[in-house]
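S.K.: Below, each chain spelled out in residue letters.
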Amino acid sequence: DTGVSQDPRHKITKRGQNVTFRCDPISEHNRLYWYRQTLGQGPEFLTYFQNEAQLEKSRLLSDRFSAERPKGSFSTLEIQRTEQGDSAMYLCASLLGLQETQYFGPGTRLLVL
Amino acid sequence: SQQGEEDPQALSIQEGENATMNCSYKTSINNLQWYRQNSGRGLVHLILIRSNEREKHSGRLRVTLDTSKKSSSLLITASRAADTASYFCATERNTGTASKLTFGTGTRLQVTL
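Quick note, the sequences are listed as chains X and G, same order. Quick note on numbering: the first sequence equals residues 1 to 113 in the working numbering. Quick note on numbering: the second sequence equals residues 1001 to 1113 in the working numbering.
Hints are all accurate, no fakes.
Pair ranges (Cβ atoms, derived): (1) H1057/G - E78/X: 37 to 45 Å; (2) Q1009/G - G85/X: 18 to 26 Å; (3) R15/X - Q1009/G: 28 to 36 Å; (4) G97/X - N1052/G: 16 to 24 Å; (5) T38/X - T1112/G: 22 to 30 Å; (6) T13/X - Q1110/G: 28 to 36 Å; (7) R64/X - Q1009/G: 29 to 37 Å; (8) L111/X - Q1009/G: 18 to 26 Å; (9) R64/X - D1066/G: 39 to 47 Å; (10) N1052/G - R81/X: 42 to 50 Å; (11) Q1009/G - T13/X: 25 to 33 Å; (12) H1057/G - G97/X: 25 to 33 Å.
What the hints contain is simulated information worked out from the structure, not anything from laboratory work. In this text, a Cβ means the ideal position worked out from N, Cα and C, and glycines have one as well.
Pulled out of the complex, with its shape left as it was, chain X reads as follows (with noise of 0.2 Å):
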């Protein structure tokens, strides 16, 4: 366990409904990043908050999904409208200032039907 959770764990959906992850990372970490990770591959990087600003998102990240981190504790991962090309597993990471080392918290793992 490294300090950092995510809920839910697992989610199944039908295509076209809406999901929302959330994350909790280490308490005083100001830095939080959401990955995802699709079966067989490395995590690919969704997006970057430093605090409860965004301040970068990936390609990857298309309209359907957006982030938050509002008080630049939490966050939230929302995707709308859902494919069965969403399916995945959501890795959130947290780390404090100038640190190296990304904590990952257990990840939510998503199915479209």
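Using the hints provided, position chain G relative to the given structure of chain X.
M.R.: Showing chain G alone in chain X's frame:
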């Protein structure tokens, strides 16, 4: 997109043997990190090597970095069944505001009794 490739894609060894995994990447980096992922779980940080370092040790782990060849290797000595997992290399470089990690495709290690 993935930064590079890992080799081999899968490795099966017996307990007590050494396991060597290789990672190649494409661009200049600040550091290279190795992570372990047990099936369906989050990633756990193993070791970090900076671009100006050539070799680093941590317990049964030894990592090397050759920036001229843009490659790294991870050696796990005296492997144990508990080492069974997927291993990913990840490179970090400063692009924009996020020092995001770019992962390889991973090596699946199976250690049998």
